[in-house]
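**Q** These are the residues of each chain, in order.
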Amino acid sequence: MAGQPGRPVPADEEYRRMPLVLLQNAVPSCNLSYLAAAFMVSWVVFFVYVFFVSRKQQDMSREITQLRDALEQPGAGDGD
Amino acid sequence: MSVAGSDFAVRVEGLEKSFGHWPVLWDLDLTLDWGQLLVLFGANAVGKTTLLRILSTQARPDAGTLSVAGYDPVRTPNAVRRRIGVVGHQTCLYDDLTCRENLVYYGRLFGLTDIPRRVDEAISRVSLGHRADQRVRTLSNGMQKRASIARAILHRPPLLLLDEPEAGLDQESTVMLQGLLKEWAESGGAAIMTTHNVDLGLAWGETGKIGVLADGKVQVQEPGRYANVAEFRQVLSSSLVTRQRN
Amino acid sequence: MAETRQTELAHADSRESVTPLGPVRRSRDLRVYLVVLGGVMMLADLSFIFWVAPTDSILGDIQRVFYFHVPIAVMSFLAFFVVFVASIVYLVTRSPAWDRLAQASAEVGVVFVTLALITGVIWARPIWGVWWTWEPRLTTTLILWLIYVAYLMVRAYAANPNQGARYSAVVGIVGFVDVPIVYYSVIWWRSIHPSPVVGPLAQANALEGTMAAVLLFSFITFLILFVFLVAQRMALRETEDRLGGIKSAMRRRAESVF
Amino acid sequence: MVLVWKDILLEVRSRELVISVLVFGLLVAVVFNFALDVTPQRVTAIAPGILWVAFAFAATMAMSRAFVREREQGGLEGLLLSPVSRDAIFLGKALTNLLFMLLVEMVLLPVFAVLFGFSAMSFTLIGTIVLATLGFSLVGTLFSAIAAQTRSREIMLPVLFFPVILPVIIGAVEASTRAIGGETTVGLGRWLPLLAVFDALFLVICPWVFSFVVEE
Chain A
1 MAGQPGRPVP ADEEYRRMPL VLLQNAVPSC NLSYLAAAFM VSWVVFFVYV
51 FFVSRKQQDM SREITQLRDA LEQPGAGDGD
Chain B
1 MSVAGSDFAV RVEGLEKSFG HWPVLWDLDL TLDWGQLLVL FGANAVGKTT
51 LLRILSTQAR PDAGTLSVAG YDPVRTPNAV RRRIGVVGHQ TCLYDDLTCR
101 ENLVYYGRLF GLTDIPRRVD EAISRVSLGH RADQRVRTLS NGMQKRASIA
151 RAILHRPPLL LLDEPEAGLD QESTVMLQGL LKEWAESGGA AIMTTHNVDL
201 GLAWGETGKI GVLADGKVQV QEPGRYANVA EFRQVLSSSL VTRQRN
Chain C
1 MAETRQTELA HADSRESVTP LGPVRRSRDL RVYLVVLGGV MMLADLSFIF
51 WVAPTDSILG DIQRVFYFHV PIAVMSFLAF FVVFVASIVY LVTRSPAWDR
101 LAQASAEVGV VFVTLALITG VIWARPIWGV WWTWEPRLTT TLILWLIYVA
151 YLMVRAYAAN PNQGARYSAV VGIVGFVDVP IVYYSVIWWR SIHPSPVVGP
201 LAQANALEGT MAAVLLFSFI TFLILFVFLV AQRMALRETE DRLGGIKSAM
251 RRRAESVF
Chain D
1 MVLVWKDILL EVRSRELVIS VLVFGLLVAV VFNFALDVTP QRVTAIAPGI
51 LWVAFAFAAT MAMSRAFVRE REQGGLEGLL LSPVSRDAIF LGKALTNLLF
101 MLLVEMVLLP VFAVLFGFSA MSFTLIGTIV LATLGFSLVG TLFSAIAAQT
151 RSREIMLPVL FFPVILPVII GAVEASTRAI GGETTVGLGR WLPLLAVFDA
201 LFLVICPWVF SFVVEE
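Those sequence lines, one after another, are chains A, B, C and D.
The numbering of the first sequence is our numbering, which starts it at 1 and goes up by one.
The numbering of the second sequence is our numbering, which starts it at 1 and goes up by one.
The numbering of the third sequence is our numbering, which starts it at 1 and goes up by one.
The numbering of the fourth sequence is our numbering, which starts it at 1 and goes up by one.
Hints are supplied without guarantee of correctness; some may be wrong.
[To be verified] When the alpha-carbon atoms are kept at most 30 Å apart in a straight line, the in silico DSBU-like pairs for lysine-lysine are as follows:
hint : chain 1 : residue 1 : chain 2 : residue 2
1    : B       : Lys182    : C       : Lys247
2    : B       : Lys217    : B       : Lys182
3    : B       : Lys209    : B       : Lys182
4    : C       : Lys247    : A       : Lys56
[As the list claims (entries may be wrong)] Chain C regions said to be covered by chain D (calculated; three or more residues, Cβ under 8 Å):
hint : region
5    : 152-159
6    : 173-180
[To be verified] Cβ-to-Cβ under 10 Å is the rule here; a few derived chain D residues that face chain C:
hint : residue
7    : Leu142
8    : Pro167
9    : Phe210
Since the hints were derived computationally from the structure, they do not count as laboratory data.
Predicted model, so just to flag it, every value in this text is computed and none were measured.
The beta-carbon is built from N, C-alpha and C at its ideal position, and this holds for glycine as well.
Starting from the given sequences, assemble the full structure and let the hints guide the process.
**A** Written as structure tokens, this is what we have:
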């Protein structure tokens with residue numbers, strides 16, 4: 001999986017030394033915004049997913065209860 | 001025609017089938033003896049085709065025990081396939097091959113010996129001799145249907161399953177088919193056919209059983225129960241009305 | 001009349017869960033427990049990531065994405081492994097429970113792998129200077145995403161749910177078997193097409209002790225989150241099936257008797 | 001095998017499949033020629049890619065056409081009603097697809113060779129084509145059976161087919177690059193086995209899962 005350490009891949013071998021030089025040219029201080037973005041995106045996606053699943057779950061549970069209620073009323077249970 | 005080893009042509013107990021949450025058949029019981037013809041009435045979308053597809057190993061039942069020509073269509077499908085002939089809505093013939101080529105192809109799929117003679121027999125049985133070497137594409141619908149019947153009887157199956165075979169057949173072909181089924185039953189075979197056509201079904205069912213598929217199950221009708229033919233016709237016609245479903 | 005219907009409905013209902021409320025309530029309790037535990041651990045994990053884990057000397061703060069990115073990616077892999085196993089068991093046994101597991105796990109897996117790609121891209125920008133590089137693990141992850149999106153599509157486009165379950169099981173099996181081959185082919189392909197961009201990662205050198213500990217904690221946190229999501233999704237599918245069961249029982253009743 | 005005989009006879013009669021796929025393959029070649037501006041210096045780098053893109057697209061088209069033909073008059077239904085094991089049906093269909101694709105490729109290859117100016121006569125190249133096309137036909141036959149039964153079937157086949165077939169495309173392109181470029185065979189020792197492993201794996205899996213696909 002992307003960017004997983006401790007599991008060196010043969011192909012990576014030849015690049016391993018070069019990046020250190022290049023990376024030191026990058027300025028680490030300005031990348032906090034990227035960090036924030038990554039965390040935000042993760043959280044938003046998780047919450048949206050859970051929200052949709054739960055909402056659908058609730059809708060269906062409600063429908064089940066409605067069907068039950070409809071059937072409990074005498075004479076009203078003709079199956080739609 | 002070998003019917004040894006099984007007492008019933010078809011025996012179905014507690015068959016259930018649904019497509020997802022759409023129930024089609026439930027608690028369906030059905031028994032058909034050898035030498036019997038069952039005419040099955042039923043409205044559209046009531047499960048006639050599904051029942052035939054299950055019997056012919058094309059669909060898998062959700063529950064129930066089945067025996068078709070003495071074998072279980074789920075566990076030993078190939079044994080069942082060898083013993084049934086199916087005429088469905090589609091002809092199962094290739095447009096760009098001639099009738100004869102189509103039949104030879106199916107004969108080889110069934111591993112028959114003496115294919116040319118069998119093919120000739122089947123073709124003459126459906127009186128298609130003069131057109132046998134034309135491409136299926138060039139034949140009329142009725143003739144294609146006849147070729148399809150020839151395909152179904154090619155391997156001389158003891159059990160025939162016909163799904164609305166009257167569709168597209170002219171008067172002459174219908175008579176031919178009726179004669180064929182009668183002959184089939186007399187020689188110890190069995191057949192199930194579905195139909196929409198009350199007159200036809202009544203005529204064909206005279207020698208056999210008449211059943212109605214509704215409410216997820218088959219109810220076998222005895223004409224004697226009704227006061228006269230007209231009342232019976234009325235009952236059968238009403239079974240063909242498609243009910244409003246939710 | 002209404003009473004008989006009701007008993008029949010209760011029957012249709014209870015076929016799914018033997019004692020009507022028991023298992024449902026128990027599974028809900030389990031999910032509540034999971035979400036609370038997961039939430040607490042997630043907060044702890046976040047605090048560890050920001051205050052306990054040392055700032056990477058080379059990469060700077062952005063390296064902290066790593067504690068999210070890697071567990072998410074690994075969980076998606078786990079999810080697809082679950083899909084693979086559940087698909088095989090489903091095809092052999094035809095028990096709907098396994099199909100539910102396969103479906104839930106595939107859907108959660110797609111969510112995870114999407115996040116792995118997004119966080120990967122966000123991480124790549126400041127470090128490699130590009131949003132995307134055809135690096136083996138990224139490429140494999142992208143292919144993985146495509147395969148399992150196809151899995152969900154097959155399920156959605158099938159003619160009926162039974163067919164969808166079988167077809168998607170087939171895709172789940174074929175797709176997973178394909179993954180190692182994709183991985184190796186992409187690695188070999190990459191190794192002969194050196195890209196101008198910096199290759200994979202700078203931290204192949206062993207992780208520092210604290211970092212490893214935080215990463216491990218992150219793994220456990222995401223594992224719990226994963227189990228929760230799958231359980232939640234399966235519960236939804238169970239409700240769907242129960243609703244379907246009730247509706248189909250009602251349809252049977254509604255068929256007027258001939 | 002009867003199945004292969006029947007399909008070949010059908011094709012001889014109608015000739016629609018091979019011809020349309022051939023034309024399609026040529027179109028891909030021509031379009032890419034303009035899109036990528038192939039100059040003699042870059043031929044070795046680009047031609048294999050174009051070749052395999054054309055072959056892969058042609059393969060999806062051939063497979064979906066082949067299954068549509070089976071469905072038109074219920075030929076597949078008739079096939080499934082005969083007492084032939086599903087494995088044999090799958091292998092028969094896959095073999096037919098393989099033969100058709102090889103036929104198409106054998107015509108396209110010289111045309112490509114002329115258009116892009118490389119030598120097509122190379123045993124490695126032909127071996128690569130056979131191995132890769134086998135992979136195409138195994139996976140393609142399985143997925144076209146699935147796609148044929150679902151809604152929006154035109155899109156389902158490529159969506160299923162391309163991600164799974166990717167290793168074959170990579171392997172085939174790499175192996176062909178070496179074969180065309182006439183370089184040393186370095187690296188071939190890697191790509192041909194990769195294709196072979198892919199074929200072997202799917203030769204086992206596809207017939208097994210196929211029985212579940214045609215169950216209903």
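**Q** Compare the structure with each hint and give your call.
**A** Evaluation of the provided hints:
1. Proposed proximity of lysine 182 of chain B and lysine 247 of chain C is contradicted: the alpha carbons are some 43 Å apart, above 30 Å.
2. At roughly 26 Å between alpha-carbon atoms, lysine 217 of chain B and lysine 182 of chain B fall within 30 Å of each other, so this suggested pair holds.
3. Note on lysine 209 of chain B and lysine 182 of chain B: the hinted pairing holds, with a Cα-Cα distance of about 13 Å set against a maximum of 30 Å.
4. Pair hint lysine 247 of chain C plus lysine 56 of chain A holds up; C-alpha atoms about 17 Å apart against a cutoff of 30 Å.
5. Given as covered by chain D, the region 152-159 of chain C passes the check, having 5 residues with a CB less than 8 Å from a CB of that chain where 3 are the minimum.
6. Under the rule that three or more residues need a Cβ within less than 8 Å of chain D, the assignment of the region 173-180 of chain C holds, with 5 such residues.
7. With a least beta-carbon distance of about 7 Å to chain C, the hint placing leucine 142 of chain D at the interface is held under the 10 Å criterion.
8. For proline 167 of chain D, the interface hint holds, since its Cβ comes within 10 Å of a Cβ in chain C; the closest pair sits about 4 Å apart.
9. Taking 10 Å as the C-beta cut-off, the interface hint given for phenylalanine 210 of chain D holds, the closest approach to chain C being about 8 Å.
Of the hints listed earlier, the one the structure fails to meet is number 1.
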